[in-house]
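Enquirer: Residue numbers (the numbering used here), protein chains in the order written: chain A, 420 to 535; chain B, 80 to 195.
It should be emphasised that the hints constitute simulated quantities derived from the structure, not laboratory data.
Keep in mind that this is a model prediction, so the values were computed, not measured.
C-beta: ideal position from N, C-alpha, C; glycine also.
Keep in mind that the hints are not guaranteed to be accurate.
Residues of chain A placed beyond 12 Å of chain B at every Cβ, according to the derived structure [to be verified]:
#1 M430
#2 Q433
#3 D441
#4 D445
#5 Q470
#6 A490
#7 S491
#8 I495
#9 V497
#10 S499
#11 R530
#12 I533
Once the Cα atoms are required to be at most 25 Å apart in a straight line, the calculated SDA-like pairs of lysine to any residue come out as [unchecked claim]:
#13 K101(B) <-> F185(B)
#14 K489(A) <-> E183(B)
#15 K119(B) <-> V91(B)
#16 K115(B) <-> P535(A)
#17 K422(A) <-> Q93(B)
#18 K123(B) <-> I495(A)
#19 K119(B) <-> T532(A)
#20 K422(A) <-> V91(B)
#21 K120(B) <-> K150(B)
#22 K422(A) <-> E183(B)
#23 K422(A) <-> K101(B)
#24 K88(B) <-> G504(A)
#25 K123(B) <-> P516(A)
#26 K119(B) <-> T443(A)
#27 K119(B) <-> S493(A)
#28 K119(B) <-> S460(A)
#29 K422(A) <-> F121(B)
#30 K435(A) <-> F487(A)
#31 K422(A) <-> K88(B)
#32 K115(B) <-> D441(A)
#33 K120(B) <-> Q502(A)
#34 K120(B) <-> T446(A)
#35 K123(B) <-> K435(A)
#36 K120(B) <-> Q93(B)
#37 K120(B) <-> Y483(A)
#38 K120(B) <-> D474(A)
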Amino acid sequence: AQKITQTQPGMFVQEKEAVTLDCTYDTSDPSYGLFWYKQPSSGEMIFLIYQGSYDQQNATEGRYSLNFQKASISAIIVISASQLGDSAMYFCAMRPPIQGAQKLVFGQGTRLTINP
Amino acid sequence: DTAVSQTPKYLVTQMGNDKSIKCEQNLGHDTMYWYKQDSKKFLKIMFSYNNKELIINETVPNRFSPKSPDKAHLNLHINSLELGDSAVYFCASSQDLAAGGNTEAFFGQGTRLTVV
Numbered sequence: 420a421q422k423i424t425q426t427q428p429g430m431f432v433q434e435k436e437a438v439t440l441d442c443t444y445d446t447s448d449p450s451y452g453l454f455w456y457k458q459p460s461s462g463e464m465i466f467l468i469y470q471g472s473y474d475q476q477n478a479t480e481g482r483y484s485l486n487f488q489k490a491s492i493s494a495i496i497v498i499s500a501s502q503l504g505d506s507a508m509y510f511c512a513m514r515p516p517i518q519g520a521q522k523l524v525f526g527q528g529t530r531l532t533i534n535p
Numbered sequence: 080d081t082a083v084s085q086t087p088k089y090l091v092t093q094m095g096n097d098k099s100i101k102c103e104q105n106l107g108h109d110t111m112y113w114y115k116q117d118s119k120k121f122l123k124i125m126f127s128y129n130n131k132e133l134i135i136n137e138t139v140p141n142r143f144s145p146k147s148p149d150k151a152h153l154n155l156h157i158n159s160l161e162l163g164d165s166a167v168y169f170c171a172s173s174q175d176l177a178a179g180g181n182t183e184a185f186f187g188q189g190t191r192l193t194v195v
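Using the sequences and the accompanying hints, generate a full structural model.
Expert: Printed below as a string of structure tokens:
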């Protein structure tokens, strides 16, 4: 079974600084997809960025970028120039390989607080 | 237009009652899900449907019965509600995850169920 670990239960960052959130994945399968979601206090789940295990380059999406380390199966998300509106829960998730593909397995989340 | 809509947003009910949560998506996706988010914010898959067929049932008690009348709808009926069922329930949809690639899941707003 896949296991997703986010080691930072909470983080406090000063506005305009960059944020790095960790996520490691435990799987022996070579094919998988990695996702990051944001959940603000209003409760909705917002997709941020995706990385495929076979993608040659690290994913970027606006202020979000991934530092994907295939050997250690970690996908650190970097949020540049943080804003007060970035305060939220952040979840990483994995889409397992084909046999169990019809689900996303989530990490336990990191609560990010941006201070003014 | 809301991509994934679920109703109601809040549901307060007594132990032993039966309740339903409805979910509809207008994205043309083949796959729909129910996730449960507990008080510690942990998100766990409950059910996954692909083209109206049950694909995943993650050892959910049989008091929970999903029903998919068509690809655009996945409703969740819960019998004999218990205190431990209190949580936020999210409906989501995606293209077929087995196809690979960036198959992000789009989430509904969530239904906060409180059993008293």
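Enquirer: For K120(B) and Q502(A), compute the direct alpha-carbon distance and say whether it is at most 25 Å.
Expert: 23 Å, holds
Enquirer: Could you let me know if the closest chain B CB is still more than 12 Å away from the CB of S499(A)?
Expert: 21 Å, holds
Enquirer: Taking the closest pair, is the beta carbon of D445(A) still more than 12 Å from chain B?
Expert: Non-interface label stands for D445(A): nearest chain B Cβ at 16 Å, farther than 12 Å.
Enquirer: Keeping to a limit of 25 Å between CA atoms, is the pair of K119(B) and S493(A) held or broken?
Expert: 23 Å, holds
Enquirer: Can you confirm whether the C-alpha distance between K435(A) and F487(A) stays at or below 25 Å?
Expert: 23 Å, holds
Enquirer: K422(A) and K88(B): Cα distance at most 25 Å?
Expert: 30 Å, violated
Enquirer: Take the C-alpha atoms of K422(A) and V91(B), compute the straight-line distance between them, and say whether it is at most 25 Å.
Expert: With a Cα-Cα distance of about 33 Å, the restraint between K422(A) and V91(B) is violated, given a limit of 25 Å.
Enquirer: K489(A) and E183(B): Cα distance at most 25 Å?
Expert: 20 Å, holds
Enquirer: Under the criterion that the straight-line Cα-Cα distance not exceed 25 Å, is the pair K422(A), E183(B) satisfied?
Expert: 19 Å, holds
Enquirer: Quick one: work out the minimum CB distance from I495(A) to chain B and report holds if it exceeds 12 Å, violated otherwise.
Expert: At roughly 19 Å from the nearest Cβ of chain B, I495(A) sits farther out than 12 Å, so the non-interface label holds.
Enquirer: What's the verdict on K88(B) and G504(A), does the C-alpha distance respect the 25 Å limit or exceed it?
Expert: 23 Å, holds
Enquirer: With the threshold set at 25 Å, check whether the alpha-carbon distance from K119(B) to T443(A) stays at or below it.
Expert: 20 Å, holds
Violated hints, in rising order: 5, 11, 16, 17, 20, 21, 23, 31, 35, 38; the structure is consistent with all others.
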